[in-house]
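*Asks:* Sequence:
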Amino acid sequence: MIPRLIHVIFISLVLVIACKSTETTNEAGNQGLIQADSLQLTQLTLIQGDWKNSRDDKSLVQVRQNRWKFLYDNENGSEVYLIHWKSKLPQYVDTTVQTSFVLLTNRSDTLFYELLGVTDSTLSLMHFPSGRIHLYLKSK
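Counting along the sequence shown from 1, when you hit position 53 you're at 1392 in this note's numbering, and nothing is skipped either side.
Take these hints with a grain of salt, some might be off.
[Said to hold, decoys possible] The calculated DSS-like cross-link candidates involving lysine-lysine, where the alpha carbons are at most 30 angstroms apart (straight line), are:
(1) Lys1425 <-> Lys1391
(2) Lys1479 <-> Lys1408
(3) Lys1391 <-> Lys1477
(4) Lys1408 <-> Lys1477
(5) Lys1391 <-> Lys1479
(6) Lys1479 <-> Lys1397
(7) Lys1427 <-> Lys1391
(8) Lys1408 <-> Lys1427
(9) Lys1397 <-> Lys1477
(10) Lys1408 <-> Lys1391
(11) Lys1425 <-> Lys1408
(12) Lys1397 <-> Lys1408
(13) Lys1477 <-> Lys1425
(14) Lys1427 <-> Lys1477
Everything labelled a hint here was simulated from the structure, so no lab data went into it.
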């Protein structure tokens, strides 16, 4: 129990430090990039761990701190993505919509998702621009 508590405290501290460097808005198109608040920290804490796709047991997502990795059949070929939070995604969603968006970036790609919901056992995302819903269940 105590090692788990220490782990959660460590992750929270790392997340706070990482989110302190998040910019709010600049001229280069980062409109809507939001600084961490308690809701974001809660969401980021909840998404930590291994998640299996509800439709395909071989499809796995690993989230460690602010890093996201897609795996298939436990193969280690996927690049690591950095996780960024936004309050707006004007190229896909009306700016009056109040929700959290997750952007995953690596050297060559950016993926856009709306966070539909996260609990200690489920993670639900909608991919943009496809509109495809992704439901993941926490691995035990």
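*Asks:* Are the hints correct? Go through all of them and say.
*Replies:* Structure-based check of all given hints:
Of the pairs offered as hints, the one joining lysine 1425 and lysine 1391 holds, with about 24 angstroms between alpha carbons and a cut-off of 30 angstroms not exceeded. Of the supplied pair hints, the one linking lysine 1479 and lysine 1408 holds, its CA atoms being roughly 18 angstroms apart against a limit of 30 angstroms. Only pairs whose Cα atoms come within 30 angstroms are accepted, and lysine 1391 paired with lysine 1477 is accepted, the gap being roughly 6 angstroms. Between lysine 1408 and lysine 1477, the direct Cα distance comes to roughly 15 angstroms. Compliance with the 30 angstroms bound is thereby established for this hinted pair.
In summary, the hint linking lysine 1391 to lysine 1479 is supported, as the alpha carbons are separated by about 10 angstroms, within the 30 angstroms threshold. Only pairs whose Cα atoms come within 30 angstroms are accepted, and lysine 1479 paired with lysine 1397 is accepted, the gap being roughly 14 angstroms. Restraint check for lysine 1427 and lysine 1391: the C-alpha separation of about 27 angstroms stays at or below 30 angstroms, so the hint holds. In summary, the hint linking lysine 1408 to lysine 1427 is supported, as the alpha carbons are separated by about 23 angstroms, within the 30 angstroms threshold.
The hinted pair formed by lysine 1397 and lysine 1477 meets the criterion: a straight-line CA distance of about 13 angstroms does not exceed 30 angstroms. Our distance criterion of 30 angstroms between C-alpha atoms is met by lysine 1408 and lysine 1391, whose separation comes to about 12 angstroms. In summary, the hint linking lysine 1425 to lysine 1408 is supported, as the alpha carbons are separated by about 19 angstroms, within the 30 angstroms threshold. Of the pairs offered as hints, the one joining lysine 1397 and lysine 1408 holds, with about 14 angstroms between alpha carbons and a cut-off of 30 angstroms not exceeded.
Between lysine 1477 and lysine 1425 the CA atoms are separated by roughly 24 angstroms; this keeps the pair inside 30 angstroms, and the hint holds. Restraint check for lysine 1427 and lysine 1477: satisfied, since their Cα atoms lie roughly 27 angstroms apart, inside the 30 angstroms limit.
No hint from the list above goes unmet by this structure.
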